[in-house]
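J.: Protein sequences appear in the order of chains E and Z.
No gaps in the numbering here: position 113 of the first sequence is 214 in my numbering, and each next residue is one more.
No gaps in the numbering here: position 21 of the second sequence is 24 in my numbering, and each next residue is one more.
One or more hints might be untrue.
[What the hints assert, rightly or not] The calculated lysine-lysine pairs, modelled on DSS-like cross-linking and capped at a C-alpha distance of 30 Å, are:
hint, chain 1, residue 1, chain 2, residue 2
1, E, Lys-120, E, Lys-153
2, Z, Lys-71, E, Lys-123
3, E, Lys-168, Z, Lys-71
4, E, Lys-123, E, Lys-142
5, Z, Lys-61, E, Lys-123
[What the hints assert, rightly or not] Footprint (simulated), chain Z over chain E, 3 or more residues, beta carbon under 8 Å:
hint, region
6, 138-150
7, 207-215
[What the hints assert, rightly or not] One side of the interface only, derived from the structure: several residues of chain Z facing chain E at Cβ under 8 Å:
hint, residue
8, Tyr-28
9, Ser-30
10, Pro-43
11, Asn-44
12, Leu-47
13, Leu-49
14, Glu-91
15, Phe-93
16, Leu-105
17, Thr-114
18, Pro-117
These are calculated hints, taken from the structure and not from any lab test.
Glycine residues also receive a C-beta, built at the ideal position from the N, C-alpha and C atoms.
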Amino acid sequence: DTAVSQTPKYLVTQMGNDKSIKCEQNLGHDTMYWYKQDSKKFLKIMFSYNNKELIINETVPNRFSPKSPDKAHLNLHINSLELGDSAVYFCASSPPGSLQTGELFFGEGSRLTVL
Amino acid sequence: AQSVTQLGSHVSVSEGALVLLRCNYSSSVPPYLFWYVQYPNQGLQLLLKYTTGATLVKGINGFEAEFKKSETSFHLTKPSAHMSDAAEYFCAVSEGFGNEKLTFGTGTRLTIIP
Numbered sequence: 102d103t104a105v106s107q108t109p110k111y112l113v114t115q116m117g118n119d120k121s122i123k124c125e126q127n128l129g130h131d132t133m134y135w136y137k138q139d140s141k142k143f144l145k146i147m148f149s150y151n152n153k154e155l156i157i158n159e160t161v162p163n164r165f166s167p168k169s170p171d172k173a174h175l176n177l178h179i180n181s182l183e184l185g186d187s188a189v190y191f192c193a194s195s196p197p198g199s200l201q202t203g204e205l206f207f208g209e210g211s212r213l214t215v216l
Numbered sequence: 004a005q006s007v008t009q010l011g012s013h014v015s016v017s018e019g020a021l022v023l024l025r026c027n028y029s030s031s032v033p034p035y036l037f038w039y040v041q042y043p044n045q046g047l048q049l050l051l052k053y054t055t056g057a058t059l060v061k062g063i064n065g066f067e068a069e070f071k072k073s074e075t076s077f078h079l080t081k082p083s084a085h086m087s088d089a090a091e092y093f094c095a096v097s098e099g100f101g102n103e104k105l106t107f108g109t110g111t112r113l114t115i116i117p
């Protein structure tokens with residue numbers, strides 16, 4: 102009963118392909134996020150959704166398209182994959198009224214390798 | 004814009020020794036500050052946070068951090084290192100508009116020497 106679960110955990114693919122990473126949280130949280138962690142462990146927010154609505158889009162190429170079918174799911178689709186997309190992608194969620202808590206609940210990450 | 008600087012990408016301490024991981028922040032408003040820990044092949048987990056009030060905050064696993072406004076610092080300490088503390092530690096800052104605007108530092112890898 103993992104709180105924030107991502108699939109797949111590992112993804113190896115060729116340049117130019119399209120791939121998706123799925124994320125589900127069973128915590129009842131309203132807000133979900135995608136973060137990208139590069140090879141130097143630098144962690145940067147990509148997107149944030151609140152109740153299925155996009156609230157943050159941090160200058161991510163439009164090859165990346167998040168989709169939130171409901172507040173428990175936030176999927177990430179990537180078109181025309183490039184070498185620089187290789188990274189670990191983390192999904193996270195946060196509870197309502199989290200202004201004072203600042204606590205994000207992270208999934209275990211999805212390691213994407215583009216060859 | 005907010006930012007975080009973690010001094011030292013790698014820190015090694017002996018088991019039982021003091022752990023000190025440094026974090027300095029930049030923020031245009033009173034910040035909310037956080038330390039997260041990442042164990043190998045896992046996601047990040049909140050260690051502790053400072054929002055308002057007491058400047059010395061205690062977290063899980065015996066860690067604590069002190070908010071020093073005059074030094075714009077939020078260093079993480081633990082009196083006695085344990086082998087299980089080996090992990091990557093991330094400092095993060097939010098300007099209080101909701102944690103969706105968390106900005107992370109580049110992380111410090113803590114190695115414990117037996």
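J.: Compare the structure with each hint and give your call.
T.: Status of each hint after checking the structure:
Only pairs whose Cα atoms come within 30 Å are accepted, and Lys-120/E paired with Lys-153/E is accepted, the gap being roughly 21 Å. A hinted pair counts as satisfied when its Cα atoms are at most 30 Å apart, and Lys-71/Z with Lys-123/E does not qualify at roughly 40 Å. The hinted pair formed by Lys-168/E and Lys-71/Z fails the criterion: a straight-line CA distance of about 40 Å is larger than 30 Å. Taking the CA atoms of Lys-123/E and Lys-142/E, the gap is near 21 Å; set against the 30 Å cutoff, the hint holds.
For the suggested pair Lys-61/Z and Lys-123/E, the alpha carbons sit about 34 Å apart, so the restraint of at most 30 Å is broken. With 7 residues having a Cβ less than 8 Å from any Cβ of chain Z, the region 138-150 of chain E passes the three-residue criterion, so the hint holds. Residues of the region 207-215 of chain E lying with their CB closer than 8 Å to a CB of chain Z number 4, which satisfies the three-residue condition for coverage. With a cut of 8 Å, the hint placing Tyr-28/Z at the interface with chain E is violated, because the nearest CB-to-CB distance is about 13 Å.
A hinted interface residue such as Ser-30/Z counts as satisfied when its beta carbon comes closer than 8 Å to some beta carbon of chain E; here the least separation is about 13 Å, so the hint is violated. Below 8 Å, beta-carbon pairs count as interface contacts, and Pro-43/Z has none with chain E, the closest being about 11 Å; its hint is therefore violated. Interface restraint check: Asn-44/Z against chain E, minimum CB-CB distance 7 Å, threshold 8 Å, status holds. Contact between Leu-47/Z and chain E, as hinted, is supported at the beta carbon level, the nearest pair being about 5 Å apart and thus within 8 Å.
The interface hint given for Leu-49/Z is met, as the beta carbon of that residue sits about 5 Å from the closest beta carbon of chain E, less than 8 Å. At a threshold of 8 Å, the smallest CB-CB gap from Glu-91/Z to chain E is about 6 Å, leaving the interface hint in force. Hint status for Phe-93/Z: holds, given a least beta-carbon distance of 7 Å to chain E, under 8 Å. Checking Leu-105/Z against chain E by beta carbon gives a least distance of about 7 Å; that is within 8 Å, so the hint holds.
Here the hint on Thr-114/Z is broken, as its CB sits about 14 Å from the closest CB of chain E, past 8 Å. With a least beta-carbon distance of about 24 Å to chain E, the hint placing Pro-117/Z at the interface is violated under the 8 Å criterion.
Checked against the numbered hints above, the structure breaks hints 2, 3, 5, 8, 9, 10, 17, 18 and satisfies the rest.
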